[in-house]
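**Student:** Construct the entire structure; sequences and hints are all you get.
First to last, the sequence lines map onto chains E and A.
Going by our numbering, the first sequence runs without a break in its numbering and finishes at 307.
Going by our numbering, the second sequence runs without a break in its numbering and finishes at 295.
Watch out, some of these pointers could steer you wrong.
Cut-off 25 Å, straight-line C-alpha distance, at most; resulting in silico cross-link-like pairs (DSS-like, lysine-lysine) [unchecked claim]:
hint: 1; chain 1: E; residue 1: Lys6; chain 2: A; residue 2: Lys104
hint: 2; chain 1: E; residue 1: Lys167; chain 2: A; residue 2: Lys231
hint: 3; chain 1: A; residue 1: Lys104; chain 2: E; residue 2: Lys18
Hints are computed from structural coordinates only; laboratory data are not their basis.
A quick note: this is a predicted structure, and the numbers were derived from the prediction, not measured.
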Amino acid sequence: MNDTMKKRRLWRDIKANKLIYILLLPAILTTFVFAYMPMPGIIIAFQDYKPLLGPWKSPFVGLDVFKRIFSSRMIMDSVGNTVYLNVLNLLVTFPAPILLALMLNEVRCSIFKRVIQTVSYLPYFLSWISVVGLVQTILGLYGPVNDLLALFGGSNFERILFLGQQKYFIPTYLILNLWKGTGWGTVIYLAAISGIDMQLYEAATIDGANKLQQIWHITLPAIRQTAILLLIMSIGGLFGSNFELVYALQNPYIDFEVISTAVYKIGLQQGDYPLGTALNLIQGLIGFALVATANFISKKVTDVGLW
Amino acid sequence: MRKRVTVGGVINGFLLVLIAAVMLFPYLNVMATAFNDGADAALGGITIYPRVFTLENFKVILKDSKVIRATMISVCSVVVGTLFGLFVQFTAAYAFSKKSFPGKKLITVYLMIPMYISGGLIPSFILYSTLKMLNTFWMYVLPGMFNFYNMIMMRTYIKTIPDSLQEAAKIDGASEFTILWRIILPLSAPILATVSLWLAVGYWNDWTTPLYYIRSTRLQNLQYLLMRVLKESEMMTRMLADAIVSGNLNNLKVTVTPEAVKAAQVVITTIPIILIYPFLQKYFIKGVMIGAIKE
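**Tutor:** Given below as structure tokens:
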């Protein structure tokens, strides 16, 4: 009796919300087709995939494909490169927006502040390939950077082909990340700073605290929560990779693969579907484990989590 | 607050000007190179203004039929993609702004999972191939139509619209659909503007979709063309050869070099964003602020 009543009420609730379900249908359907339907395709990582047979009839080979991953020099290098590049990138790009936000916060003239903000946000909205286009010009043999070096380098200065040398690859990568993301990264910190009670600063001034002491004891503690959260979240991304920038910077003189470029080259360019899928799967699993761990730590430390 | 000029303040201001200059300089330099005679630019020393002004670099590009086509593809994917994306996002966001309905939690989880787990590049490629979607315009638009983050941003905004408005309309006999169409949609204009800007920038900047899924040269967009110009030297040689054969380069006093044309291509690919962005900046920021508020 109770059960049927519950069922009836549920049915009534569903009918009453008919429009809601109709409105959700586009999102549910597109998510199903484009996000869920590819998932079973992961099984080709365990197969000797034959395009003519498709992912359902190709013969299974167990973990052979994964063995190939661990015996491939190029793939293992790409895994190491990915982590190395991400750690460096985190060290460089994490503190930068905090510093810039603190500097912007000290500006009293609002027009000046707005102009600086507008200019520094701009690179964020350009595509990575456009950014590489810009850098090809300014780092060109007869571009402004070489011009500047030539100015100080004297008469026997040899112009440097920055983008064609392995040793400049990582510095270029890091600088471009700084250039593109630092300005936009300040938005969230400035929001946190704007929430600080001005009376705290006034009280500190009366107590004789100077500007640096005020930043250290008032501003920084106020944005600590935000910073920790962003830091934890970026740890979750340590196994991901910026395909667009690495691929765009690659050329015949640069030998540097990350996981995502390896997946693209092995999978789509060389057509080795199982190997590409297996590598992608490993990246996905470790990445997910990192995000989950980061989320767990975040909840413990800051009470804020993704889920 | 009193305005006092301090030494620290001056140093801070000076550093910020320096940072802004570094942010802006690459773009100005590429502009200057793009508007400069190629052979002259090859001597070096171009800073932020063209030394020998010319439009020939742009003529090489703008008279190329590939570029015109690619621009059209880019514009179409921005327009169609933004409209489709807004529709899917807004309908879902409105549904989720409701306090409760059976299955709300389940559907939320269902829509959220793909943010963390995906089939990956190759299973997607195989699926698109099975669906006969490879090498079609729809590749640009359909796969990325729903975005959980954008949807949450919209939902958060819709929730701030006072319930009393909806209740008043209900008492006046308005149907649920009328409320959605006549009250919620117009009141959501600011968030719709914000989300459509993000969507539009995303579609305009997309070049991995054609890289992965589109072979047909007729369907390549402007960003992809830029990628080829930057990465394949024969692409540039061909463009220059085409321009010479078709007589588009008639001013013989001016020289055009691959470097200068590259710069012009960068300018053409980025100019819509550079022109639009400063005026719409506040909408972009608003989106981040709303997105930052959880629940």
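**Student:** So if I understand the rule, the pair passes when the alpha-carbon distance is 25 Å or less; does A:Lys104 with E:Lys18 pass?
**Tutor:** Within the cut-off at roughly 13 Å; holds.
**Student:** For the pair supplied as a hint, E:Lys167 and A:Lys231, is the alpha-carbon distance within the 25 Å limit?
**Tutor:** Holds. E:Lys167 to A:Lys231 sits at ~19 Å (cutoff 25 Å).
**Student:** With the threshold set at 25 Å, check whether the alpha-carbon distance from E:Lys6 to A:Lys104 stays at or below it.
**Tutor:** holds (17 Å)
The structure agrees with every numbered hint stated previously.
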